[in-house]
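Below are the chains, spelled out letter by letter.
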Amino acid sequence: MSHLLEVKNLNVKFALRFGELTAIDGVSFTLDKGEKLGLVGESGAGKSVTGFAIINLISKPGYIADGQVLFDGQQLTTLDEDALRRIRGDRISMIFQDPMMTLNPVLTVGAQMIETLKAHQRLTNRQAREIALETLQKVRIPSPEKRLNQYPHEFSGGMRQRIVIAIALITNPALIIADEPTTALDVTIQAEIMDLLQALCASEKMGLILITHDLGVVSQVTEKIAVMYAGKIVESGPTVDIITTPRHPYTQGLINALPGSRQPGETLSQIPGMMPTLTDIPPGCAFHPRCNFKTLVCEMEVPLLMSRFDRARSVACHIKDN
Amino acid sequence: MFRRFKDSYLFYSFKQDKTAILSFAILMLLLVLGSLAPVIAPFDPYDPNSIDIMNAELPPAWAGEGEAQFWLGTDIQGRDLLSTILYGLRLSILIGLGAVGLQALLGILVGLAAGYLGGKTDAVLMRMADIQLSFPYLMVAIFISAIFQVVFGIGRYEQLAVPLLIVIIGLAEWPVYARTVRASVLGEKKKEYVEAARVIGLNRRLIMFRHVLPNSLTAVMVISTIQVANAVMSEAALSFLGLGMPITKPSLGALIKSGFEYIFSGSWWITLFPGVLLVLLVLVINLLGDWLRDVLNPKLYKG
Amino acid sequence: MENSQNSLLTLENLDKHFDISGGLLDQLAFEGLRLTRKRTIVRAVNGVSLDILPGETLSVVGESGCGKSTLARTIMGLYAPENGAVYYRGARIDRLTARQMLPFRRKMQMIFQDPYASLNPRKTVKAILREPVRFHNRTLTNGQVLERVEAVMEQVGVDPKWADRHPHEFSGGQRQRISIARALMVDPEFIVADEPVSALDVSIQAQILNLMMQAQAERGLTYLFITHDLSVVQHISTRVAVMYLGHLCEVAPAADLFASPFHPYTQALLSAIPKLGARTSNHVKLKGEVPTPIDLPDGCIFHPRCIYAKAVCRKMVPKFREIEPGRRAACFFAGKVGISWLPAQGGLKNL
Chain A
1 MSHLLEVKNL
11 NVKFALRFGE
21 LTAIDGVSFT
31 LDKGEKLGLV
41 GESGAGKSVT
51 GFAIINLISK
61 PGYIADGQVL
71 FDGQQLTTLD
81 EDALRRIRGD
91 RISMIFQDPM
101 MTLNPVLTVG
111 AQMIETLKAH
121 QRLTNRQARE
131 IALETLQKVR
141 IPSPEKRLNQ
151 YPHEFSGGMR
161 QRIVIAIALI
171 TNPALIIADE
181 PTTALDVTIQ
191 AEIMDLLQAL
201 CASEKMGLIL
211 ITHDLGVVSQ
221 VTEKIAVMYA
231 GKIVESGPTV
241 DIITTPRHPY
251 TQGLINALPG
261 SRQPGETLSQ
271 IPGMMPTLTD
281 IPPGCAFHPR
291 CNFKTLVCEM
301 EVPLLMSRFD
311 RARSVACHIK
321 DN
Chain B
1 MFRRFKDSYL
11 FYSFKQDKTA
21 ILSFAILMLL
31 LVLGSLAPVI
41 APFDPYDPNS
51 IDIMNAELPP
61 AWAGEGEAQF
71 WLGTDIQGRD
81 LLSTILYGLR
91 LSILIGLGAV
101 GLQALLGILV
111 GLAAGYLGGK
121 TDAVLMRMAD
131 IQLSFPYLMV
141 AIFISAIFQV
151 VFGIGRYEQL
161 AVPLLIVIIG
171 LAEWPVYART
181 VRASVLGEKK
191 KEYVEAARVI
201 GLNRRLIMFR
211 HVLPNSLTAV
221 MVISTIQVAN
231 AVMSEAALSF
241 LGLGMPITKP
251 SLGALIKSGF
261 EYIFSGSWWI
271 TLFPGVLLVL
281 LVLVINLLGD
291 WLRDVLNPKL
301 YKG
Chain C
1 MENSQNSLLT
11 LENLDKHFDI
21 SGGLLDQLAF
31 EGLRLTRKRT
41 IVRAVNGVSL
51 DILPGETLSV
61 VGESGCGKST
71 LARTIMGLYA
81 PENGAVYYRG
91 ARIDRLTARQ
101 MLPFRRKMQM
111 IFQDPYASLN
121 PRKTVKAILR
131 EPVRFHNRTL
141 TNGQVLERVE
151 AVMEQVGVDP
161 KWADRHPHEF
171 SGGQRQRISI
181 ARALMVDPEF
191 IVADEPVSAL
201 DVSIQAQILN
211 LMMQAQAERG
221 LTYLFITHDL
231 SVVQHISTRV
241 AVMYLGHLCE
251 VAPAADLFAS
261 PFHPYTQALL
271 SAIPKLGART
281 SNHVKLKGEV
291 PTPIDLPDGC
301 IFHPRCIYAK
311 AVCRKMVPKF
321 REIEPGRRAA
331 CFFAGKVGIS
341 WLPAQGGLKN
351 L
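Chains A, B and C supply the protein sequences, listed in that same order.
With this note's numbering applied, the first sequence corresponds to residues 1 to 322, in that order.
With this note's numbering applied, the second sequence corresponds to residues 1 to 303, in that order.
With this note's numbering applied, the third sequence corresponds to residues 1 to 351, in that order.
What the hints contain is simulated information worked out from the structure, not anything from laboratory work.
Predicted, not measured: the structure shown is a model, and the values here were computed from it.
Where a beta carbon is used, it is the ideal one built from N, C-alpha and C, also for glycine.
Certain hints may be false.
Unchecked claim - According to the in silico footprint, chain C covers these stretches of chain B (three or more CB under 8 Å from chain C):
| # | segment |
| --- | --- |
| 1 | 11 to 25 |
| 2 | 243 to 252 |
To be verified - Pulled from the structure, derived: some chain B residues nowhere near chain C, Cβ distances all over 10 Å:
| # | residue |
| --- | --- |
| 3 | Leu29 |
| 4 | Phe43 |
| 5 | Trp71 |
| 6 | Gln77 |
| 7 | Leu97 |
| 8 | Leu105 |
| 9 | Thr121 |
| 10 | Met128 |
| 11 | Gln132 |
| 12 | Ile154 |
| 13 | Pro163 |
| 14 | Leu186 |
| 15 | Asn203 |
| 16 | Asp290 |
With the rest of the complex left out, here is chain A (with noise of 0.2 Å):
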């Protein structure tokens, strides 16, 4: 059966005036119709990387190094630009943490919707209208007709992120990469927007990667998870199993470190030390330096990504049984 998308052993490399960096090392992953994503990791771990590598959108000094992004069998690294174009805004969409830097503050948020659909579909002016309204209407925005005529500060926050969404939308994308959709936005707020894109996804059969730092909200979201440390994926599996029995000392790390994991008061478990910086990733597995179950051969060799316990989980470590 073919994926949605199937990214194989991407690589993506910065060309840096020390010499080159590793940014993205060896990530594969697929990802089916209407199925939900999570990559999760702390900051530097190379999840917003990814998620640009996937519509090949990285700017120098980054390139891609190797790998393939197969999307509905097309493979994007290769592919010219102009075609990129049509794919990009299109049939992948992207939606980025800070709506204003999405939005343009000049335009009206009508006049954004309608160029973007314009950009890929012939429609006039008023097809393209109906659409943008209908669209509105589909991510929750009360009287979408006035809001059409409106510019981008007379909205809040959370109203701000949902004509983004609306946006990402309007052309029926087949997949959408939602990077930090919500790590701006208020509690309330975020578990609207939550709820809308998890909505969204069921009603449209359209894919989702949701790349975020916050476990809680990716495990009530996503069918699977992979989690990434230094550029690479440590684990994945689906999302219930790796909340519940996490099997990479990082990632148990992670939820251990939660501060709801322990009873109020008490001291949280913690990671020792912090994720390594891009130019000194340590050899042998990047975590051994702050895992507690290292041995010797963790010093000298890259664990490899391999499936364990059940089909469905990857895991990334030395020590057998963890």
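Place chains B and C on chain A using the hints.
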């Protein structure tokens, strides 16, 4: 300290930029030539005894009628042009740096006070700056030097011309500094480290000078280079108009002017050589300023 | 105030407003044909009364723009309140001159949110940490000050041999440790922490929270903890104060608040926390948009978004009253409205 500088981004990008290296080398050469003028110049142009009016308007040494001891020829008073240019360069640089020092001092104080204290202080100080900027500096210079020459007489003027020009040019452009510093201070004072200093209990003076000011100086460094070039040009312009250095103590501008009157009688060298030097000086300073602005752009580099 | 005599810090009816109307020219506006002067006032903190007891961690939670950071800064004397008073151990501190404030500065310190902006980038760690001690203890010798710097660096887990480095050479978590060290340098009793872990990654966040709890245990510190992260609040707080649009909605011991929130806003807030593994979306959905603190709604501040709002809520302002011993809330129906998942309510009790 030196090691830190050697490893810094500033030094790294300097090494990468050939224009910056060349400009810096030329500027250093000019600065050394200027400051060592009394040592290396073959003649002392300020010493009336060494001047022989019979040597006036000799062309450069390589031209037909030139004399070997006057390598670049002589000016209309018979002074060795090379020596006069070196002394003039010295004066131009001195006035440029002095004026910028005065501008910076005034501007930083005003900008810091206006930006940090805000409110009425800010309004009053910045309106003063606006008023100052709305006077063309040439007009101010004409007023001041005319009044000065009338009050103290030409003789005293010759002695006090250098400090006077520093004050005139310095007063003319301090608002540039004040505005830059104020903008930068407004950005800095919102940052949490300033609040942290207030929480410690430091008084306003300490916070302004020890915390806010050092973090606002990047912008000052960038405009300072451009302002030195501007000040040198202003001095040259004033001298060219006869409002600057007297002909007995010519700066580059005054030399260009003195030669300009004889350019049609064929004495091109008196104007050309100081002119070329002036262009070179201003050009390398501006090139360095451009480079510095790119490097220190906080959007490109943090730290 | 019931506890005023033994409380460490007392806030009485505190108001903090900001005039954002700009200069005179910006204020002028045409109304019809008449030129009028319009002022725009942001009512960031309104009538907040609160007691902070010695040794406790009182968390102030609320969403962005609810005035919690302004409250923190007003307490620290960074802003002067329009009305009301702040008492520290019974002494009024909100009208003091900078000099009179100095003895209190030694007792009250603050930790900031942004570890990148809260340390002066031009100073070394040593200089940053030395400054408060030098300023408050002029008699100490250089050696004594240095000893103290090293001791505190050790305590917060930053190697003292890095004292000569500049802040940009440290990671976010380490900077936050330095920021905590700076607050601890003068040996304070009371620390206001303004979102100290919001900018940090989960694994680092746990390190910093542990450090703060450990410092509290060792030094008997009292914290006022400002945050929007409810799971952090649940973990570290003794008591919790919930703020909405500059007003206090509810104050309660942490365990009680999380078990049975009284105020509809608290209920909505708690139900929205993403819980690990809980695949539900039955959070309380609020209606409408958050009003701006420039024109606050009449009556109960929360009524335009409240699903239980009645006629009385639109007209009258509910008093911030005691509902149960130690628990106060500003709602006419506090404790009488709620949703089924709240165990203390015993089922759905909609009015």
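Practice task
Would you list, in rising numerical order, the hints stated earlier that this structure does not obey?
Solution key: When the structure is compared with the hints, numbers 1, 2, 15 turn out to be violated.
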